[in-house]
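Following the hints, position chain B against chain A.
Residue numbers (this note's numbering), protein chains in the order written: chain A, 7 to 265; chain B, 3 to 363.
Just so you know, the hints here were simulated from the structure itself, not pulled from any lab data. Mixed in with the good hints, there may be bad ones.
[To be verified] Here are the computed distance ranges between Cβ atoms for each label pair:
#: 1; chain 1: A; residue 1: GLN90; chain 2: B; residue 2: ALA261; range: 21 to 31 Å
#: 2; chain 1: A; residue 1: ASP113; chain 2: B; residue 2: LEU300; range: 22 to 32 Å
#: 3; chain 1: A; residue 1: GLN22; chain 2: B; residue 2: ASP12; range: 46 to 56 Å
#: 4; chain 1: A; residue 1: ARG59; chain 2: B; residue 2: GLU176; range: 17 to 27 Å
#: 5; chain 1: B; residue 1: PHE199; chain 2: A; residue 2: GLY76; range: 48 to 58 Å
#: 6; chain 1: B; residue 1: PHE267; chain 2: A; residue 2: LEU66; range: 26 to 36 Å
#: 7; chain 1: B; residue 1: LEU60; chain 2: A; residue 2: GLY76; range: 47 to 57 Å
#: 8; chain 1: A; residue 1: ASP10; chain 2: B; residue 2: ARG21; range: 38 to 48 Å
#: 9; chain 1: B; residue 1: LEU60; chain 2: A; residue 2: GLU120; range: 44 to 54 Å
#: 10; chain 1: A; residue 1: ALA17; chain 2: B; residue 2: ALA261; range: 17 to 27 Å
In this text, a Cβ means the ideal position worked out from N, Cα and C, and glycines have one as well.
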Amino acid sequence: MSLDVRGLAYAYGRHQVLTDIAFSLPPAALTCVLGVNGSGKSTLLKTINRILRPAAGTVLVDGTDIARCGRRELARRMGYMPQQTRGIRTTVYDAVMLGRRAHIGWDLCATDHEIVRRVMRTIHLEHLALRHTDTLSGGELQKVAIARALAQEPRVLLLDEPLNHLDVVNQLEVIRLIHRATLELEIVSVMVTHDLNSALRWGDRFILLKNGAVHAYGDRSIITPAAVREVFHLEVVIDEVAGMPVVVPLDTVAPAAGA
Amino acid sequence: MSCTPPRPADLEIRYREHRRRNLALILLTLVGAGGVFVLSLHCGSFPLPFSALVDALLQRGGDTTAAHVLHHIRLPRTCAGLLAGAGLGLAGAVMQTVLRNPLASPFTLGVSQGAACGAAFAIIVLGAGSLQSADAGPAVLLSPSLVVGTAFLGAVVTVVVLVLLGAVRGLNPESLVLAGVALSAFFGAATMLLQYFASDTQVAASVFWTFGDLGKARWPDIALMAAVTGTAFLFFHLHRWDYNALLWGDDTARSLGVAAGRLRFLSLVAASLVCAVTIAFLGIIGFVGLLAPHLMRLLVGQDYRYLLPGAALAGGALLVGADILARLLLAPVILPVGILTSFAGVPMFLYLLISRPGGSR
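The following block holds chain A by itself, in its conformation from the complex (with noise of 0.2 Å):
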């Protein structure tokens, strides 16, 4: 299980937002995407699904060229949380079945429902399954879509900024949940943040964007105070606290004229 990316290219209008993007990606792993607002980190995850066509370049999942795929075959294949969610008036099960949409024929099957209280079980929501989706707090809602994304049965799943607008404790839960269920279910998770200390203590891999490219990538050593400078413009530290990486910002830095 794989997902290789290359050449990926992709331009809203004449603005050129995604340049050349190339990676590979291991399954059990879970990858950071990480740049300043507007460097292309979610148009990369929108493109690599086909939510957004790409003007050039392909994406392969265990080998097989996914433009190929039906969008049904795709939903298979890519989970997807958007970055964005909010309540409708529906249970959170419910919710969570929906998932199964690309596996469901003419209704719903023993599998389905069996999958679903799986997945429901992995993140924690059976308590909640029969309450309505708008009267869940907001890191109830995020665990919701990491749900369906999973009910999908996804190889590789792809999250936008799943630790936004949660506090502390739900980051902690909802990081916690992606992690075990890319290593449990083996496969390549994908997620953009902007919180570098949790990219640091969860992450395997990292892609730094700049510009709509690939600035570095590879494992934890690429994420240095020179490697953030030049991604950030932010001047940091980062030291050792209770054995884990801990990011700490000093000042900000003019950019480099022409960066």
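Chain B alone, transformed into the frame defined by chain A:
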């Protein structure tokens, strides 16, 4: 809040109970629609007790007047009401989701005004416009087929313009609603222009046409309405999971395998055709397309597996119920049902808006 997570078996039982509750509510709506159907056959200025009703239905006994009233007046009127209400309820439920607008209806997109303009064109320009007064009941148009045809054409032209704008210019749902408002204004102005140069009787005829009235429908019209509404229901039902996905936004829907743009396009065409056929045969009937889906959302939530049949049944029941009132309020005068649905619909709709959890979503 600490809750003990239920065992899987408990979850299954609780979910099954939830489904059963929703199905029971749909069944209750079906019973309500059935009750209103029977009541509609029974009520009216000509007394038709239930025993006579059964005899006339089974074509027993010798009361030819009762049989005539039932088979030629009440039965077609009631069937037309059920079908039109069902169609408008379905169209409203679908339009509100695909256009991401809780107020979407045939009015929002200008379909009603397009049809009214088409009818005015036939009445004033093509000469279908004189009125002949019947001794009992409302006045009738001299060339109803021509008026129905041009009204349908007017509605379809509106749909085609919207669809072309959506397909060629790639308009988003919000822009489509705005385009509908603009088309509404255009057709409203065109109708007024036609009426400005028309004679008094032509103006009266074109205004009369806009009154939604279930008595206009004949059996062939009802058969066509049934065919279009039935086909549209099948299409909507096949895409029930897709509408559920669209509720979470286009990006989520696409990631779940829904071709959101194509679904929006086809759904709008189907919903607008249902409205076009209904309006062309019966005139403008307001608020049913808004009220029925919102009423059922309160009862069964936004899940389209339940909402679609619920909105269809509630729409039919509401329209036939309003028609019963329209026949009884000033009997023997029969009021156009469109007036009643709007009068009764506005306070009911405002109540729903105020009482529903989560505001206007």
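> What hint numbers does the structure not satisfy?
Replying inline: Hint check: nothing fails, all pass.
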